[in-house]
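My request is simple: use the sequences and hints to build the entire structure.
Quick note, the sequences are listed as chains A and B, same order.
Residues -19 to 233 (our numbering) make up the first sequence, in order.
Residues 129 to 359 (our numbering) make up the second sequence, in order.
For the record, the hints were derived by calculation from the structure and aren't laboratory data.
It is possible that part of the hints are untrue.
[Stated by the list, open to error] Derived lysine-lysine pairs resembling DSSO-like cross-links, with alpha carbons at most 27 Å apart:
id	chain 1	residue 1	chain 2	residue 2
1	A	LYS4	B	LYS254
2	B	LYS254	A	LYS167
3	B	LYS292	A	LYS91
4	B	LYS254	A	LYS116
5	B	LYS314	A	LYS52
6	B	LYS153	A	LYS54
[Unchecked claim] Listed below are several chain A residues computed to face chain B (Cβ distance under 8 Å; list not exhaustive):
id	residue
7	ALA61
8	MET68
9	SER125
Just so you know, even glycine gets a beta-carbon here, dropped at the ideal spot from N, CA and C.
Given next are the chains, with one letter for each unit.
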Amino acid sequence: MSANDVILRIDRLNKSFGTNHVLKDATLELRRGELKVLIGPSGGGKSTLLQCMNFLLPPDSGRIWLDGNEIKFKNKRELYAYRQAVGMIFQDFNLFDHLSAMENVRIALTKVKGIPKKAATERAMAELERVGMAGKAALYPAQLSGGQKQRVSVARALAMDPKVLLLDEPTSALDPELIGEVLTVIKDLAKSGMTMVMATHQITFSAQLASEFIFMEQGCIIEHDTPAVLLAESANSRTKDFCAKINELGESA
Amino acid sequence: MEEYWLFASERVIPGLNVALLISAKLIVPSALYGMLLGVITGVLRVYGFAWVRRVADIYVALFRGTPLVVQLYFWYFALPYISIAGHSIVLNAMQASILGFALCSAAYQSEYVRGGLLSIRAGQFKAAKALGMSPLQTVLHVVLPQAIRRSMPGIGNEIIYLIKYSSLASIITVEELMGAARSIAKATWRPVEAYGTVAIYYLVLVTLAMWLLRWAEDYFSIPGFERSKED
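Structure representation (C-alpha cells):
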C-alpha cells in the first residue's frame, strides 16, 4: 500500500487529567477503507483516544494529519472543518433532544455546510433511508428506542460526508435485543468502504470485519495486529487473554 | 352595590380604558426587551469569558438588589443630572419606565434562562462540536432552543410580575391604569370603586397573560419537553 492511502495519521497524542496520564504517546495510521477496532478494559484510554482524535478533548501534545495535511488546531476554522471530515458516534447517542430525527440529520447541513433547506431535507431523508429510519423521520428522540437513536446518529454523521468515522462504543448503552440493528448498520458501512475507528466490546462481531485490533490498557497501545494473528490458537497476546475473559462473561450475545 | 356599578361604569371604566392602552404600551415593550436582554444576559453569565461573566453578574446583583422604585426614580429624576462630556440624557416618564422595567425584568429572566442552560447535558455540546459547529452556532441552534423551553414557566412567571409592577410607573407620573385609578379616586372621593375596579383590570390582564403563556408552552412543546401532565 502506498503512503497516499493513509487518510488519517496521529502521532504521539498525550492527554492527562491532573496527574492522571490517561493517554500515552498514541500513534496510528488509518488507511482508506480500513476498520480499526479499539479493545481493552474500561478506563484503558479508548474513549479518550477517540475524543482526542476529534479534538473534543484537546490533547496535551501530539500531531494529526488528514489526507497528508497537518491540522493546525489553533485555527478555529480549520478545526471546525476537520471535525466535519471526521464524524463521531457516541455511546449515548447525543441526538439533539429538541429536533425530530430528520431535523437532527439536517441541522448541520443547513447551519454548518450552508446547504439550502430543501436540498438538505432530501439529503437527510436519504441518509435516514440508508439506516432504515426513513419511516420514523418525524419522531423526536424521546419517542425512539436506543437502537433507533443510534441509527439516526449514524445518519447524522454520514450526512456530513466524513472521510473517517469514529465510533465510541456504539452499542454499549443498548439493550441486548437492540444491538443487532446497530451492528447491521456498521457492517454495511464497513462493506461500503467507510474508514472507521471503533471502540467496542463486541469482539466476535468486530473480529469478522476489523482490519486491525488495537489493544489499549492504562492509556497505552499495548499491541496491534490483525484479529487473526492476535486471536490465533498459538498466539500469546494480551488481546487473546482479554477476549477469553469477556467471552466467559457471555460475549456471545 | 347597584350604585357601585353605576359609578364604576360611568366614571371609572371610561378613564381606565384610556389608561389600559398606556399600560399596554408600557408592558409589551418592557416584556419583550426584558426577555431579549434576559436571554442574552443568561447566556453570557454561563458561557461568557470570565470578565464578561463578572460584568453580567454585577448587573444582575445591582438590579435585583435595589428596589424597583429607586431604579425608576433614578432613570427619571437623577439621570438628567448626570452629564458626561457636556451631554446628559433626559428620558420622558414612559421611556424611563420601560427602561427601568426591562432592565429589572431582564435581571430576573437571566436567572431563569441560566437555570435552563445549566440543565442541558454535556453530550449535546459534544455532538454539536463533532459536527463542526462553532460555539456560537451550538448555543443558538442546539442549546438555547432547549434551554428556553425549560425556562418558559419561569419566564412566564416574571412576565406576570411585570404586569403588576408596571403600576409603579404611576409614581413617576405615567397615567397608566394605577395612575388613572388614583386620579379618579382623588377627584371623586370614591376610592372603593376606583381601586376595586382597577384591581379587576389587573386580574384580567394577568389571566389573559396566563392563557397566552400556557398556549405558548403548548405550542413549543415537543416530546421530552412537555409541561407536566398534572395541571
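Hints and how they fare:
Using a Cα cut-off of 27 Å, the hinted pair LYS4(A) and LYS254(B) holds, with the two alpha carbons roughly 23 Å apart. For the suggested pair LYS254(B) and LYS167(A), the alpha carbons sit about 25 Å apart, so the restraint of at most 27 Å is met. The straight-line distance between the Cα atoms of LYS292(B) and LYS91(A) is roughly 41 Å, outside the 27 Å bound, and the hint therefore fails. Distance restraint check for LYS254(B) and LYS116(A): the Cα-Cα separation of roughly 24 Å lies within the 27 Å cut-off, and the hinted pair is therefore satisfied.
Simply put, LYS314(B) and LYS52(A) have alpha-carbon atoms about 74 Å apart, too far for the 27 Å limit, and the pair is violated. Using a Cα cut-off of 27 Å, the hinted pair LYS153(B) and LYS54(A) is violated, with the two alpha carbons roughly 49 Å apart. With 8 Å as the threshold, the beta carbon of ALA61(A) comes within range of chain B, its nearest partner Cβ sitting at about 7 Å, so the hint holds. Hint status for MET68(A): holds, given a least beta-carbon distance of 4 Å to chain B, under 8 Å.
Look at SER125(A): its Cβ only gets to about 13 Å from chain B, farther than 8 Å, so that hint breaks.
Checked against the numbered hints given earlier, the structure breaks hints 3, 5, 6 and 9 and satisfies all the rest.
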